[in-house]
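Peer 1: Spelled out, the chains give:
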Amino acid sequence: MNDVKKIAPASYPFALFFIALLAMWFAGKYSQNKAEYHLPSLIEDSYTCVASHNPAAEKLTVYMNARSVAHSLGELLCKDPVVQRQYHQVQVYWGGGDVSDITFVGKGIGDLVNTKDNIVQAFDAENTHGYKRLASYAQYQAYLIGRDEKPELSREYLLGQRIGLLDYPSSRSGHIIPMHLFRELGLREDQISIVYSNSHAGLRDLLANNQVDMIASYWADEDRARFSENYIQAIGTSDVRGSSWYLKMNGRNTDLYCALQATLSSLAQQQQSTYFGELNFVEGCAQQLVGR
Amino acid sequence: MQSLRIAYFGLKLPAWGGLAKTLKSINKFHLGCFFICYLALQSAYFFGLSLQQEFRVERDILAVENRISLDLPRLSLPNPGLNLAGNPAQVRDYLDRLNQLLVQQQTLVRVISLQQFDAGDIADTGVTLASEQEHAHVQVERALYLPGQTINVVIGVCQSTFWQRLSIFPLITSILLSLVFFPYLRARQAVEENKSAAADNAHTRPTTKSAALILDLENKCLRLGDSNASVFLPNKPLCFYAALLTYCQQHPGARLCQHAPLPAELLTLANQYFLRLIALGHTIRKRPDFDMNLEKMLSEIRAALDELLMEYPEHKSLFYPPKALGEGSRSKVHNFALLHIAEAHWSIKGK
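Quick note, the sequences are listed as chains A and B, same order.
Just so we're aligned, residue 1 is where the first sequence starts under our numbering, counting upward by one.
Just so we're aligned, residue 293 is where the second sequence starts under our numbering, counting upward by one.
Hints listed in this document are in silico derivations from the structure and should not be mistaken for laboratory results.
Treat the numbers as computed from the prediction; the structure is a model and nothing was measured.
Treat the hints loosely; a few may be bogus.
[To be verified] In silico SDA-like pairs for lysine to any residue, Cα to Cα no more than 25 Å straight-line:
#1 A:K132 / A:G160
#2 A:K150 / A:R204
#3 B:K320 / A:S11
#4 A:K29 / B:S335
Just chain B, same shape as in the assembly (with noise of 0.2 Å):
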């Protein structure tokens, strides 16, 4: 008992224990499954059932013309054409007799009158069904051709009620069923989920934890995240990486150019940052002139870099100051901008 087999399909449920799990674990997906079953379940129960019914009751109804054709020269009936005037006691007994006879059968259809005869209510023959009454009767008119004459029969056909058409084999197999497809449901969750935070984390946070960068203006170095790993910058290229990545946070799309002059902003921004380095006590010199020698600078920003993203170079191009590609580093176009940086891929200590 710790484990519900199904043999039949071949698939082990859950143990008692993980049923229980199971079951209040279930939400929407899993209803919005047992539903969907259940209801094409039903429909296909409900359309076999009331196409061999239709079936039925057309052969129960050649079943009683087929009895009553060969009856036909012994019962009694009026042919005002021959002067017969017909015995109707007899008549309705044997119409009486073939109803109690389609009773025993269960057949679902009854004689309601042959000719003008109509046979007695069946609750006066003694035979009755426990339902009959809750029976919706449709009436069906047949008529045996005989020569000269013509012979019509009514016939009732018992329809069965919409509960009756029911069942609870569906219940249980939709039951089962949607059992079975709950891991399924559940692996096509996980999946999605998997694939949606891989997106999230692919637009919005492609730095992991472990690859967040920080500029340490205590120690002068940069450091990723969650490894030791570090590399010393000197004052200089320190304080004008800062003021590049925090003015291109900034500023998103900036163009900063090796031969037009450096923005003021970022001029500014370096020097704050190298006023916080002297108030950290690294330096007592003068400040210096971030506009001159910014190749060289930016050459010791890329090696420091270069570095410490040796084992991510994935996030080269997050934090990287873009060399100068084909068009040479003296080009007007080049752009040394960081055109990806947002505020949660970086961070400052000592600021």
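Just chain A, with the same shape it has in the complex (with noise of 0.2 Å):
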């Protein structure tokens, strides 16, 4: 005992007892990882290649509206010897609706653009940044597409019908020729009813699931899988032409001009889609026409 009293104190026992206590304390509150409160940004828009290490050189920016084409077009375009000849990297961005390309095209940023030839002539683009169309994608045919028969283009048949259209205001089969149809017939938006999708594929799913009665969308090969061929009705007076490829030319770069056509012509024998892989070229180099 008297040992223990020359060591210490009375109160020893009790100093210590909380000395633990609050080590305890530590160590629980210390036992969890450290958290990283600052998560990255999870959301990409753009494909960055590398074309030459020429770092005086400048950046080719190209926008398109598909991301599953973009990343082999910058791997494409970053390979091709007139682009690292004169540019330093090619960064592809890839849309998100109209907002986009209005920003890429009205403002003159993306130097290579895929877009609607309604949203080049809306900010007269050809002659306000100097863009000149490389090359379209195939004329297609708008149809209104129904599930268990074939659509009548009458006002009485469309009268409370269901039909789905997409929901942005540019594209031409999906938005642009069915309610222009709409209107030549006298329909009122409250005389049908109108569901809204993000895209064709949206669509499709929403005739298939049969939320809808009918879809204004393009006819492709792959539909007869879902859907029957004679159960389509042609809208609309013309061929709608597809989005076109345009090119900012800044001075009479022809090289350029071409080497983007022939990247472009290879891009789409790449494609398994119909609509990416019919090209038509306009004018200037040796190829004029491309198709699988």
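With the hints as a guide, dock the two chains, each given alone in a separate frame, to form the complex.
Peer 2: Printed below as a string of structure tokens:
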């Protein structure tokens, strides 16, 4: 007992006990893993590749709508000798609808853009920023596609029908042409029920799930698996031109113009989809029409 | 390895041999000490962990809200007012990638849904925490307020189980702490035992063995238990003292007064002891009258005790026939009875 007394006063056990309590408190507190409270951005909107190791050269900005195609295009462009000679890197953006279209085309940010003619016309981009058409995807027909019967183009038939349309107004087959038709037939928006979707694929899902009676879209060979070709009704007077590739021409950079045509042609040959597979070239270079 | 030292506490713990002895000597006080330590330390650990976890969960939730808020302009969420259909595939893909990120960063939260879009099961995305299924999920609903629109986010919080909140640290520390406390307990116990023993001595056995009074009738003397010192006492006082001791022991609280006749019982006892002395061959004289010369007899007894108890003055009160104090020996209130005498205090040899 005297030993204990010598080394410690009577309050020693209590002090020790409270120190231990405090230590356990902190042990519990710091037993947790250090967490990172800053979550990095998850959304990618572009693909970048290095074309050449010439830091003085510029960046080629490409804009298009389909994310799936953007990667292949970027890789092709980075391997192109003309692009390598003129540019340091290639950055391919894929868009998120009409707002990005307007930003890249209307402000002239994109060097090579894939957009619809009506957007280019709306901003007079050919005169404002010097955009020149390189190529256009194949023309196609707009249809009303029914599920169980062929739609009729009459006011009586369409009254009260559920019709699937695209929710972006720049789409011709999915928005402009059917809306035009309803107006011609004297159908107000409250006389039919319009169901919007974000994409042509989404429209097809709506139709397959019987959430709509018909949809306004194009007809593709792949659709035969789910729908009948007998139940489609062409709308609009003329064929609709697909979206086009425009190049912002500064001076007479014909090398680049032709190199890009060649690249787009090989891109078209890579594609599985009917739409991206058929590309019509405008003028100037050796090959005029590339089709699979 | 002879002794286990813990420099941090500055204490020397028992050596291994001593440790085994310590373990053997563990009693319920030690176990109680250990359990109290363990409970207190484990509670401290538990509360430290819980508080930190709540803090962490809240920060995780804020981080997720922040991320989603920043990404909202890029997410195709439906807005019926603007005829926007939304892109379920894109939103679900986003939520799945966000959840994968949350798993990678070992956060405690997962996004369950954003507006009407449910995130896929985390197991579907190929990144699964081993204990993910065992966690209870608590759903927390948060709202992000945009101009003209409210975005609802449902976040699942992984609750750790009871067992995950236990730790080996409190156990180890409470064992160490108990080992440190054991000597204190033992010291404390020793003090208490000493105290109670002392108390026992004071109340029931004021004379230790060494102080027990022995009346030796064979040698006609008074003796203390362990010492050889003895005091001779003449026949008459010896018999009277023996009778007095016996009488007072048998009649606690009796009053004996010099001016009142002595109780017959006391006189009988004195006579019996005298007969015993005759039997032992110490005297052949006739029995003395014990009623006579009482004062002289008591003086002789007191003188003998004074000599005997010279080294043990504290025992005097026990064996000493009280003297008259102040009131005068002739006073009627004076009582010379031995008030505290008990059987254990004395014995007679040769009875």
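Peer 1: Take the hints in turn and mark each one as holding or not.
Peer 2: Do the hints match the structure? See the list:
| no. | hint | verdict |
| --- | --- | --- |
| 1 | A:K132 / A:G160 | violated, 44 Å |
| 2 | A:K150 / A:R204 | holds, 16 Å |
| 3 | B:K320 / A:S11 | holds, 23 Å |
| 4 | A:K29 / B:S335 | holds, 12 Å |
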